[in-house]
Amino acid sequence: MSTNRLVNGVQVASHYRDEKHQYASNKEGIWLFMVTEILMFGGLFVGYILFHSLYPEMFAEGASFLDWKLGFVNTLVLIFSSLTMALGIYFNQVGQPSKATWALWTTVACGAIFMIIKYFEYTHKFHMGIFPGKFLDPVMMAEHGHTVQNANLGLYFGFYFCMSGLHGLHVLIGMGLISWIAIKNMKREFNPKYFTPIEGVGIFWHIVDLIWIFLFPLLYLVG
Amino acid sequence: MGHSSGKNYINEEPGLLSWFTSLDHKRIALLYFVSVMTFFLVGGIMALLLRLELFAPNTTANVGQVLKNGDIYNQVLTYHGAIMVFMVIIPGIPAILGNFFLPLQIGAKDVAFPRLNLASWYVFMLGACLAIGTFFSTKIDTGWTFYTPYSIRTGSAVVMMVVAAFIMGMSSILTGLNFIVTVHKLRAPGMSMFRMPLFTWAIYSTAILQVLATPILGITLLLLVMERTFGVGIFDPKLGGDPVLFQHFFWFYSHPAVYIMILPAMGVVSELITTYSKKTIFGYTAIAYSSIGIAAVSFFVWGHHMFVSGQSEIAGIIFSFLTMLVGVPTAIKMFNWLATLYKGSIEFTASMLYALGFLFLFAIGGVTGIMLAVTAIDVHFHDTYFVVAHFHYVMVGGTLMAIMGGFYHWFPKMFGKMYNETTAIISWVFIFVGFNVTFFPQFILGAKGMPRRYFDYIPEYEQLNKISTVGSWLIAVGFLFGLYTIIRGLTSGEKAPDNPWGSKTLEWQTSSPPIMHNFDHDPVVTAGPYEYK
Chain A
1 MSTNRLVNGV QVASHYRDEK HQYASNKEGI WLFMVTEILM FGGLFVGYIL
51 FHSLYPEMFA EGASFLDWKL GFVNTLVLIF SSLTMALGIY FNQVGQPSKA
101 TWALWTTVAC GAIFMIIKYF EYTHKFHMGI FPGKFLDPVM MAEHGHTVQN
151 ANLGLYFGFY FCMSGLHGLH VLIGMGLISW IAIKNMKREF NPKYFTPIEG
201 VGIFWHIVDL IWIFLFPLLY LVG
Chain B
1 MGHSSGKNYI NEEPGLLSWF TSLDHKRIAL LYFVSVMTFF LVGGIMALLL
51 RLELFAPNTT ANVGQVLKNG DIYNQVLTYH GAIMVFMVII PGIPAILGNF
101 FLPLQIGAKD VAFPRLNLAS WYVFMLGACL AIGTFFSTKI DTGWTFYTPY
151 SIRTGSAVVM MVVAAFIMGM SSILTGLNFI VTVHKLRAPG MSMFRMPLFT
201 WAIYSTAILQ VLATPILGIT LLLLVMERTF GVGIFDPKLG GDPVLFQHFF
251 WFYSHPAVYI MILPAMGVVS ELITTYSKKT IFGYTAIAYS SIGIAAVSFF
301 VWGHHMFVSG QSEIAGIIFS FLTMLVGVPT AIKMFNWLAT LYKGSIEFTA
351 SMLYALGFLF LFAIGGVTGI MLAVTAIDVH FHDTYFVVAH FHYVMVGGTL
401 MAIMGGFYHW FPKMFGKMYN ETTAIISWVF IFVGFNVTFF PQFILGAKGM
451 PRRYFDYIPE YEQLNKISTV GSWLIAVGFL FGLYTIIRGL TSGEKAPDNP
501 WGSKTLEWQT SSPPIMHNFD HDPVVTAGPY EYK
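Chains as they are written, first to last, in the working numbering: chain A, 1 to 223; chain B, 1 to 533.
The set of hints was computed from the structure by calculation and includes no laboratory data.
Note that the structure is a prediction, hence the values are computed from the model and not measured.
A couple of the hints might just be wrong.
No more than 20 Å apart at the CA atoms, straight line, and that leaves these computed lysine to aspartate or glutamate pairs for EDC-like [stated by the list, open to error]:
(1) Lys238(B) x Glu61(A)
(2) Lys134(A) x Glu61(A)
(3) Lys238(B) x Asp137(A)
(4) Lys448(B) x Glu460(B)
(5) Lys193(A) x Glu19(A)
(6) Lys185(B) x Asp522(B)
(7) Lys134(A) x Asp242(B)
(8) Lys343(B) x Glu531(B)
(9) Lys278(B) x Glu421(B)
(10) Lys185(B) x Glu28(A)
(11) Lys185(B) x Glu61(A)
(12) Lys20(A) x Asp522(B)
(13) Lys185(B) x Glu19(A)
(14) Lys238(B) x Glu57(A)
(15) Lys495(B) x Glu421(B)
(16) Lys7(B) x Glu494(B)
(17) Lys278(B) x Glu462(B)
(18) Lys279(B) x Glu347(B)
(19) Lys125(A) x Glu189(A)
To give an idea of the chain B side of the interface with chain A (calculated C-beta under 8 Å), a few residues [said to hold, decoys possible]:
(20) Val181
(21) Gly240
(22) Pro243
(23) Gly327
In this text, a Cβ means the ideal position worked out from N, Cα and C, and glycines have one as well.
Bound conformation, chain A alone:
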């Protein structure tokens, strides 16, 4: 059973010595959780590398249907959002919570821009008959002027939709979490001594961005 007490102006659960002890423990927990996220995506990366080595031409053909410019814009958007996320933590550390609020909402907005661009990318593909795996429609693609070269092209889009979809899901979760801490921040629940949730969500957001940094070249540029 944990009851809180106030140590150096911070609520500290009774099983921790002081606020620093609590902070260090929370941060280790968050990093461990990030390890599991990276490992989970790691499974997808291994699958990607395996099939890419088996069917390089098919992967090249698949990648040619993606618009690298949109992917690039999205990469920039996410990198910028990582900056604003870091600023959100920084402004709280130096005691300027209203600036932090702005930085956090900007981060959410960047996430939204990313998702809107992804939405257009996805719908455009559906429109052309590009679906994952067995649902890939060569007839519909031919109607749009694309003759499918490799019979198993659907596999590439299986990877494309799984990888970018799982990543997109994480972006949505991240946006939800950042909104949550932005609202908490507007209620002034954080201060220079206590900002663990912002930092935790920040670490999550950076990892989500980092995964995209790997997904972008693998999906859009390779081949």
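Since the structure of chain A is provided, determine the placement of chain B on it from the hints.
Using the frame of chain A, we list chain B on its own:
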């Protein structure tokens, strides 16, 4: 040294509802205890049904046939496996005994994240409910391994079951994460890593495995869901995918998961052997490091599940050697336990009998594991009852024996009552004898070529199958005695002293049952955990 006010974690907050909102690691452990034991009962009944069906071959229609048809047999087999693996053995020791005793053993007030700990239980129950929910839909008949391509084609409830396993995996990850941070950050002053009890070491090694291996199961199961709903093709050869990749992914998790199941058991046995020999454990450091060693090697042996799945001969040979390597840290533990027994003042309590039973059965399970690691032998034994006997010797003879032993050992601490030693020992006799009667004949059946997972068999296998089924009844009787012992202990057991076994580890230095915050005064540790003599 009983707590003066008579308050403890059980009676501090009244009402049933307080149990479902409690953040106390001890109460959460009991939530797990009740749920896991319920699932164990269900999985156990499935096992009895399977054995009953195999009591006699189905020579003519309806003779010797208990289950209506082979489809139902496949379903019972699947639920038996899935329930026992995901809902009993994986959460068993870590979530019940680990939750209760890891903080106590290192002198902490709670785990690092109490709220997350309670959430883990709810997540686990959500997964468990989904899993059981499939029973009322199109039932699952894939086996607990969900191998593709069959799992892509068969009944639609596979998605629900796979999501359930994913969710229970998430619970396992969160528990592991919680324990790692607890061990790193919440040790009492003076409790250095190498003063930690070996049970804590084992739970810690297990936690590392849970965190590092389970995400791979997560993505594998997600991909299986994607395969079924969107036909992404990654595991489908028609679309250029590879069903064997599923096996690689699956066993990359599920082999370490085997050690998620057995490492905590080894931790329990270390505690039992040293306590009931009243002797300092032999080779403390070696046992601690061998836990980490087993955890490390476990990531590189998954291919031994796939010797006949078309992996290359080179890969087979490498996996074969790496698998034999697991025998080294395991043998280190075995010999250290035996050396601890040597010249100890051994007390044959029920717990000690379970520990000795573990040594005996696990040795057989382990050595047959080495046999199966030899590719030439495995080609013959693969998918026969030899494999079934092997992993039951490890999982039941190993893990389940340790759960029972550990449970009796810590019963006085958990509930503040003593259990009846005589009925506990009668229970042990039935379980130990029954276990061998059930599973030893299966080694012979397997060597004679009886395939596993079959609904029926040729008359030549009848006699050994009959013996095996009778054994399963003995085990059932044993567990009924166990249940009786527990209920009698809870209702009319005499009051337990703080340290009935004269044990040296920290959990015995507080009252029985412990108070909410575990210790009256924050403990300061000045010595190792097993300084008997």
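Structure-based check of each hint:
1. Restraint check for Lys238(B) and Glu61(A): satisfied, since their Cα atoms lie roughly 19 Å apart, inside the 20 Å limit.
2. Note on Lys134(A) and Glu61(A): the hinted pairing holds, with a Cα-Cα distance of about 17 Å set against a maximum of 20 Å.
3. Between Lys238(B) and Asp137(A), the direct Cα distance comes to roughly 15 Å. Compliance with the 20 Å bound is thereby established for this hinted pair.
4. Between the alpha carbons of Lys448(B) and Glu460(B) the distance comes to roughly 10 Å, so the proposed pair stays at or under 20 Å and holds.
5. For the suggested pair Lys193(A) and Glu19(A), the alpha carbons sit about 9 Å apart, so the restraint of at most 20 Å is met.
6. Restraint check for Lys185(B) and Asp522(B): satisfied, since their Cα atoms lie roughly 15 Å apart, inside the 20 Å limit.
7. For a cut-off of 20 Å, the pair hint linking Lys134(A) to Asp242(B) stands: about 14 Å separates their Cα positions.
8. For the hint linking Lys343(B) to Glu531(B), the alpha-carbon distance of about 15 Å falls within 20 Å, and the restraint holds.
9. At roughly 19 Å between alpha-carbon atoms, Lys278(B) and Glu421(B) fall within 20 Å of each other, so this suggested pair holds.
10. Note on Lys185(B) and Glu28(A): the hinted pairing holds, with a Cα-Cα distance of about 9 Å set against a maximum of 20 Å.
11. Under the criterion of a C-alpha separation no larger than 20 Å, the hint pairing Lys185(B) with Glu61(A) is inconsistent with the structure, at around 51 Å.
12. For a cut-off of 20 Å, the pair hint linking Lys20(A) to Asp522(B) stands: about 19 Å separates their Cα positions.
13. Between Lys185(B) and Glu19(A) the alpha-carbon distance is near 13 Å, which keeps this suggested pair within the 20 Å criterion.
14. This hinted pair checks out: Lys238(B) and Glu57(A) have alpha carbons roughly 18 Å apart, not beyond 20 Å.
15. Restraint check for Lys495(B) and Glu421(B): satisfied, since their Cα atoms lie roughly 14 Å apart, inside the 20 Å limit.
16. A hinted pair counts as satisfied when its Cα atoms are at most 20 Å apart, and Lys7(B) with Glu494(B) qualifies at roughly 18 Å.
17. At most 20 Å may separate the alpha-carbon atoms for a hinted pair to count; Lys278(B) and Glu462(B) exceed this at roughly 47 Å.
18. Among the hinted pairs, Lys279(B) with Glu347(B) is consistent with the structure: their alpha-carbon atoms are about 11 Å apart, no more than 20 Å.
19. Between Lys125(A) and Glu189(A), the direct Cα distance comes to roughly 44 Å. Violation of the 20 Å bound is thereby established for this hinted pair.
20. The criterion of a C-beta within 8 Å of any C-beta in chain A is met by Val181(B), whose closest approach is roughly 5 Å, and the hint holds.
21. At a threshold of 8 Å, the smallest CB-CB gap from Gly240(B) to chain A is about 3 Å, leaving the interface hint in force.
22. The criterion of a C-beta within 8 Å of any C-beta in chain A is not met by Pro243(B), whose closest approach is roughly 13 Å, and the hint is violated.
23. The closest approach between the C-beta of Gly327(B) and any C-beta of chain A is roughly 27 Å, which is over the 8 Å cut-off, so the hint fails.
Hint compliance for this structure: hints 11, 17, 19, 22 and 23 are broken, all remaining hints hold.
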